[in-house]
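K.L.:
Chains as they are written, first to last, in the numbering used here: chain A, 77 to 190; chain B, 16 to 125.
Accuracy of the hints is not assured; some may be wrong.
Selected chain A positions facing chain B (in silico; Cβ < 10 Å) [to be verified]:
(1) V80
(2) D90
(3) F121
(4) V123
(5) N124
(6) Y126
(7) G128
(8) S134
(9) F141
(10) G148
(11) Y150
(12) T152
(13) L160
(14) E161
(15) C168
(16) G174
Keep in mind that the hints were calculated from the coordinates and are not lab data. The model shown is predicted, which means the values in this text are computed figures rather than measured ones. For every residue, glycine included, the Cβ atom is placed at its ideal position computed from N, Cα and C.
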Amino acid sequence: GPKVLQIPSHQIIDMGQMVTLNCDPVSNHLYFYWYKQILGQQMEFLVNFYNGKVMEKSKLFKDQFSVERPDGSYFTLKIQPTALEDSAVYFCASSDWGEGDTQYFGPGTRLLVL
Amino acid sequence: QQKVQQSPESLIVPEGGMASLNCTFSDRNSQYFWWYRQHSGEGPKALMSIFSNGDKKEGRFTAHLNKASLYVSLHIKDSQPSDSALYFCAVTGFASALTFGSGTKVIVLP
């Protein structure tokens, strides 16, 4: 089936540093999402992105977070500066159209902030 | 704010048995409901969707939706060891964001 790729699979970083998580969505998909999953807890929506703009963001999407997809390349989540509570698995997803369409998830990036 | 709750937290089923998973949601205006399956170390994968009241069957999987009761369920018939995974109920809300339940861990014993 359709595949979403995420790079890197794991990232260890010192608190206060910047990190960029990369997502290669399904080709021709137009909607992009980031979700956060803390170990043992449920998956939570962070942000979605369409036509070059953030459509909706949750309260978890702090001011230190930003997303972009320059020139149709990777869809990225940047955290600057990182905090200890940012340690989690971050999942990227994409869909062809919005509400009612299947979201395809990547394998996740496991981020550890020390 | 949408709340999605799942039960049970975990479930042990013998191979060939039936697994039944439950999910309740809080927003009566919800329209789209999903079951996702996540194997250890992987991202969640959509198993099936259900948008209308009643039952929807896909192979060994049957989803049931009752919007008036704010309830959706998933039944896995003839469970296989490969069905062992974490199962999430998810509801689409504003701007297509998914709200996930906390998951049901299913273990199928050979």
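K.L.:
Against each hint, give a clear statement of whether it holds in the structure.
P.N.:
The hints, checked one at a time:
About 7 Å separates the beta-carbon of A/V80 from the nearest beta-carbon of chain B, less than 10 Å, and the hint is met. Annotation: interface hint on A/D90 violated; nearest CB of chain B at approximately 25 Å, more than 10 Å. Of the supplied interface hints, the one on A/F121 holds, with its beta-carbon coming within about 4 Å of a beta-carbon of chain B, less than 10 Å. With a cut of 10 Å, the hint placing A/V123 at the interface with chain B holds, because the nearest CB-to-CB distance is about 9 Å.
About 6 Å separates the beta-carbon of A/N124 from the nearest beta-carbon of chain B, less than 10 Å, and the hint is met. Because the smallest distance between the Cβ of A/Y126 and any Cβ of chain B comes to about 9 Å, under 10 Å, the interface hint for this residue holds. Interface hint status for A/G128: violated, as the beta-carbon distance to the closest one in chain B is roughly 15 Å, over 10 Å. The interface hint given for A/S134 holds, since its Cβ lies 7 Å from the closest Cβ of chain B, which is under the 10 Å cut-off.
Taking 10 Å as the C-beta cut-off, the interface hint given for A/F141 is violated, the closest approach to chain B being about 15 Å. Evaluation of the A/G148 hint against chain B yields a violated restraint, the C-beta minimum of about 20 Å exceeding 10 Å. Interface restraint check: A/Y150 against chain B, minimum CB-CB distance 16 Å, threshold 10 Å, status violated. Proximity of A/T152 to chain B is violated relative to the hint, the smallest CB-CB distance being about 17 Å (cut-off 10 Å).
Using the Cβ-Cβ criterion of 10 Å, the hint placing A/L160 at the interface with chain B is not satisfied: the shortest such distance is roughly 23 Å. Checking A/E161 against chain B: minimum C-beta separation of about 19 Å lies over 10 Å; hint violated. About 8 Å separates the beta-carbon of A/C168 from the nearest beta-carbon of chain B, less than 10 Å, and the hint is met. Hint status for A/G174: holds, given a least beta-carbon distance of 4 Å to chain B, under 10 Å.
The earlier numbered hints that this structure contradicts are 2, 7, 9, 10, 11, 12, 13, 14.
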